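Kindly produce the complete structure, drawing on both the sequences and the hints.
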Amino acid sequence: MDFELPRLSRREFLSKSSIGAGLVLGTPSILKAKAPGATGDDIRVGFIGCGKQHEVLFNAMVNIPGIRYVAACDIMKARVGRTFSAIKSRFDYNINRYLSAEEMLEKEDLDAVFVSTPDFWHAPHTVMALEAGCHVYCEKMMSNTIEGARSMVAAMDRTGKLCQIGHQRRSNPRYQFVLNELIQKENVCGQIINLNGQWNRALSSSQDIVSKPSILPEAEILREYGFNAGADHTLNLEELRHRFLNWRFYTDLSGGPISDLGAHQIDIFNWFLGTQPKSVMASGGRSYFKDREHFDNVMCIFEYETPLGSARAFYQVLTTTSSGGGYYETFMGTDGTIEMSEREAYTNIYKESGADSTKWDELVRRGLLKKESAGVAAGGTDAIASYESAPPDKYALPGGLSKQPHTPHVENFYGAIRGDTKLTCDARHALESEAPIYWVNPAANSHEIINFTEEHLHT
Amino acid sequence: MSSNDKCSNDLGLTLGMLTLRIWLGLRAIQTGIEKFAGSGKPIDSAVLMDGAPNTYGLTESTSAKVYAISNYNGVPTPLYDKFINEPLIPEFALNIYNVVLGPALIILGLTLLLGIATRFSLFLMGLVYTSLTFGLILIKQDAGIAWLGVHIVMIVIALALAKHNRFAILKKW
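In order, the protein sequence lines correspond to chains U and C.
Using the working numbering, you'd call the opening residue of the first sequence number 1 and step up by one each time.
Using the working numbering, you'd call the opening residue of the second sequence number 1001 and step up by one each time.
Hints are computed from structural coordinates only; laboratory data are not their basis.
Given the structure is predicted, the values throughout are model-derived calculations rather than measurements.
A portion of the hints provided could be inaccurate.
The calculated DSSO-like cross-link candidates involving lysine-lysine, where the alpha carbons are at most 30 Å apart (straight line), are [to be verified]: (1) U/LYS422 <-> U/LYS278; (2) U/LYS394 <-> C/LYS1065; (3) U/LYS371 <-> C/LYS1065.
Label pairs and their calculated CB-CB ranges [unchecked claim]: (4) U/GLU344 <-> C/GLU1034: 24 to 32 Å; (5) U/GLY325 <-> C/SER1045: 24 to 32 Å; (6) C/ILE1169 <-> U/GLY325: 44 to 52 Å; (7) C/ASN1071 <-> U/LEU203: 34 to 42 Å; (8) C/LEU1048 <-> U/MET281: 29 to 37 Å; (9) C/LEU1088 <-> U/THR321: 34 to 42 Å; (10) C/LEU1114 <-> U/LYS88: 31 to 39 Å; (11) U/GLU344 <-> C/LEU1127: 44 to 52 Å; (12) C/ASN1071 <-> U/ASN94: 34 to 42 Å; (13) U/THR306 <-> C/GLY1051: 27 to 35 Å; (14) C/LEU1127 <-> U/PRO65: 55 to 63 Å; (15) C/GLY1051 <-> U/ARG68: 37 to 45 Å.
The beta-carbon is built from N, C-alpha and C at its ideal position, and this holds for glycine as well.
Below is the structure:
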């Protein structure tokens, strides 16, 4: 006679054996039994998607203790192999490799899953993982469609699992300090009336991604995973592989540069102002990369209504120039300007000449700011005094982040799983902030201002 | 000239020579030692706000300067990268020079400071500075050439004052 032993997962075994022990030894054992994922218990982690962004996340978390990497999946075998090798060489143990996320979620006993797949797979993979009982960390942009993003919020609510979205600046101590202390508590900017942000990339950083054909998935797999979505003809293998590697260029697979790059910074506009914009106007074009479906350069203006009055935010994402100092978000107020960036090198703070010097000196004395230099007039014979404003004094943040930029956000996710903290960017808050971004491309296409309603922005 | 005048004049020249030996010696020794300097492991400490460590996790990074054999760089990397592209500087010669320069400066500085074969030490030091000048001419670093020229003038003055050399371990050569 064949017997089949009941299959118990590690979690179920621990849970049931603890209860059993408790019945024998008495109540205290039950009280001491740890809930899955509780402090002192390794969090069992799986990866869906093992491409570039996965590598960024993995490198950001390798020094975080209490993690057990269990499995990884990607439709590209070479990528899963790379993740396997990276974990093997660093931690000296093997993980299980899969080509299918469904199979991985079905077979593995995971506490948390990191989703770093192309944007159009974020929602299906996140919903799938949440429903499999996993907490999920999903890269931004939440989805290539607002409906997809809403389905993620619904799944988070339905399952009661955690869903962190990869707006990593929300957990960055530098950003938290600037918002909580400098803007909200000390009001160093005064009334913030104008915001300006950009992510400018040189042509050399905006080229097509290429790879050795022998390691890329076959046409059948790519069709199965929807890389032919929106195509007006049957795609050949070369076209499918181009879409697989360069999904960011295709409208049915991603939101384009405004979503890939702009999402991080427009999120900061909304987070710092504590509100959603009232409208958006935009302009974009395929000015250089004429065969790409998305605009290669986009400029947009959001209008806000804040408790202190109206404000406007200009944002540009340019993929044809590195001009203007990389990527940052600037908050321009009546008393001061904070130019924030994930990069410390691009971060600057300026005091308007008319602002209260005593107050700023006191902030320096208390250690909340560092004074860099007094304002210096540009001078020159072409300066016309009546046109000029007095130059602002320059300040700096008192400290920086001694970790990789993504590390605090991953730590926050793990901390929330252990019950030590709350997520800094759960799916609902992320969508509140991301929702306006979904309307930039339509506004640029229609050349019309979109005045937001509940229908546009609801989560 | 009276003998008193001659004596006081000799004393001045002797002290002048000694001053040059000390200056050129220390200059060479410390320049050589600095080629072994590097940054230690950075130490992150919490930024203090209102006298207490901040609660945000903002940190300040400090790292101490340390000296180690492993830090040695005879020719600074930016200069090395330029010299390697110069057709008049063969790579093997540059690599030898890179290894020898630091120890040579330290040894010549010590022999000059202690007064061991002072004239030859000065002459060899002059050759070292001339070789550095040659490299700087190739990459058009005029300020550096002028700066080394000042060193050469000081060496020539020291050689001219060699007969007034005192407080030396080995006066021969």
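So, going through the hints one by one against the coordinates:
Taking the CA atoms of U/LYS422 and U/LYS278, the gap is near 29 Å; set against the 30 Å cutoff, the hint holds. Distance check on the hinted pair: U/LYS394 and C/LYS1065 sit about 29 Å apart at the alpha-carbon level, within 30 Å; holds. Distance hint between U/LYS371 and C/LYS1065 is fulfilled; the C-alpha atoms sit about 25 Å from each other, no more than 30 Å. Between U/GLU344 and C/GLU1034 the C-beta distance comes to about 28 Å, which sits within the given range of 24 to 32 Å.
Between U/GLY325 and C/SER1045 the Cβ separation comes to about 29 Å, which falls inside the hinted range of 24 to 32 Å. Roughly 59 Å separates the CB atoms of C/ILE1169 and U/GLY325, a value that falls outside the hinted 44 to 52 Å. For C/ASN1071 paired with U/LEU203, a C-beta distance near 39 Å keeps the hint of 34 to 42 Å intact. Under the hint 29 to 37 Å, the C-beta atoms of C/LEU1048 and U/MET281, about 45 Å apart, miss the expected range.
Roughly 39 Å separates the CB atoms of C/LEU1088 and U/THR321, a value that falls within the hinted 34 to 42 Å. Taken as a hint, the range 31 to 39 Å is violated for the pair C/LEU1114 and U/LYS88, whose Cβ atoms sit roughly 58 Å apart. Taking 44 to 52 Å as the suggested C-beta distance range, the pair U/GLU344 and C/LEU1127 conforms, at roughly 46 Å. Distance hint for C/ASN1071 and U/ASN94: a CB-CB separation of about 39 Å, consistent with the stated range 34 to 42 Å.
Taken as a hint, the range 27 to 35 Å holds for the pair U/THR306 and C/GLY1051, whose Cβ atoms sit roughly 34 Å apart. Between C/LEU1127 and U/PRO65 the beta carbon distance is about 58 Å. The supplied range of 55 to 63 Å therefore holds. Remark: the range hint 37 to 45 Å for C/GLY1051 to U/ARG68 is upheld by a beta-carbon distance near 41 Å.
Hint compliance for this structure: hints 6, 8 and 10 are broken, all remaining hints hold.
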